[in-house]
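Each chain, written out:
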Amino acid sequence: MIEPRILAVRTKILKKNDELARRMRAEFVASGVLVTNLVSSPGTGKTALLLETMKLLIDRGRRVAAIVGDLETDNDARRLAESGAPVRQIMTHGCCHLEADMVRDHLDGWDLGQLDYLFIENVGNLVCPTSWDLGESLRVALLSVTEGEDKPLKYPGLFNTSDVAVITKIDLSRACEFDRGLALKNIEAVRPGMVVLETSAKTGGGVTEWTDFLEQKKGP
Amino acid sequence: MHELSIANHLVSLACQSVRQEDVTRVSAITIRVGALACVHPDSLKFCFDAVSEGTLLEGAELRIISVPVVVYCPTCQCEIELPEIQPLRCTVCQTPCGDVRHGNELELESIEVVDASD
Ligand SMILES: Nc1nc2c(ncn2[C@@H]2O[C@H](COP(=O)(O)OP(=O)(O)OP(=O)(O)O)[C@@H](O)[C@H]2O)c(=O)[nH]1
Ligand SMILES: [Mg+2]
Ligand SMILES: [Zn+2]
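Heads up: the protein sequence lines correspond to chains A and B, in order. One point on numbering: in my numbering, the residue at position 82 of the first sequence is 82, and numbering is uninterrupted. Each number in my numbering corresponds to the 1-based position in the second sequence with 1000 added.
None of these hints come from the bench; they were simulated from the model. Keep in mind it's a predicted model, so treat the numbers as computed, not measured. The reader is advised that the hints may include incorrect statements.
[Stated by the list, open to error] Think about it this way: if two alpha-carbon atoms lie no more than 30 Å apart in a straight line, the pair counts; the simulated DSBU-like pairs of lysine-lysine are: (1) B/LYS1045 <-> A/LYS154; (2) A/LYS15 <-> A/LYS154; (3) B/LYS1045 <-> A/LYS185; (4) A/LYS12 <-> B/LYS1045; (5) A/LYS15 <-> B/LYS1045.
Model the full assembly from the supplied sequences, consistent with the hints where possible.
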């Protein structure tokens, strides 16, 4: 009987993804493009907010592009393309999050040096995208007023690893009896000091402030 | 269901780690999973068994060490282990703590191999 032998490995399971993401981030930063990864539940309003944001940035003369992940269909890419910006769809066929290599494969032929902003809309999911670095410089956790103030408490992993939170669909606050103070308190509980912006893609409320925030992150 | 993707990455990393070794099979692998990674152990084991089929890892036992959330409390100036994944707040002084020191782990700790007999 041969005794088993233990090999100590101590390596991150997602090392391959992490290393690729790190290389991609270095390239994005060197090219001067601000890469933003938007994460939320299905239907929070990522595409709606992104469309308004991209239109506004284009009006301001900025060069933008987007990559959008969905399980199936290219509906979101077609909606975002209304902005006039180049948009690509990643169909994950069942995979509940985007991985760095999927993003890399969809950058083909884009000159990053010619872009100011690249938005990545992740697959609608609050858990799975959290562990996957896409090389972004800004990770945004979105929460709509229709889905309950306790989302940050239920999904602390996402909110804790994000750089900024956006509360969406604020035009529906009253109808949903949304408790804004409680939502802010819950975000604060999982990510003290987190910047929180509030938007409505329907009325345009807060979209300027959100876009200004991005412009400030991007720098000159 | 990110467990399937994690299992895929785990199996390829583990296979790569034993490639240079002269082993007949892998009897067990041990991983560390942080509470904030939101991994369902049973589902990860299920996916691991499926993905490892036909590789050196086929039949290996997957041992999962759960790592609790540990935050740094700026008020107490020390690390505090939390009993739950939320709230991220010091259990001693109640200060909100966003500085997560442990809990996001997804690490391959070790591989137990059976050497080829010569
Ligand atoms: N009232 C209101 N409705 C909104 C707002 N933003 C989005 N919606 C609606 O909410 C629904 C979902 O919006 P999407 O933008 O598709 O949400 P999403 O997060 O991209 O969804 P997935 O990509 O499927 O995860 C649509 O019916 C939108 O019209 C908003 O600010 N106010
Ligand atoms: Mg969408
Ligand atoms: Zn304390």
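How the hints compare with the structure:
no. : hint                   : verdict
1   : B/LYS1045 <-> A/LYS154 : holds, 24 Å
2   : A/LYS15 <-> A/LYS154   : holds, 27 Å
3   : B/LYS1045 <-> A/LYS185 : violated, 36 Å
4   : A/LYS12 <-> B/LYS1045  : holds, 18 Å
5   : A/LYS15 <-> B/LYS1045  : holds, 20 Å
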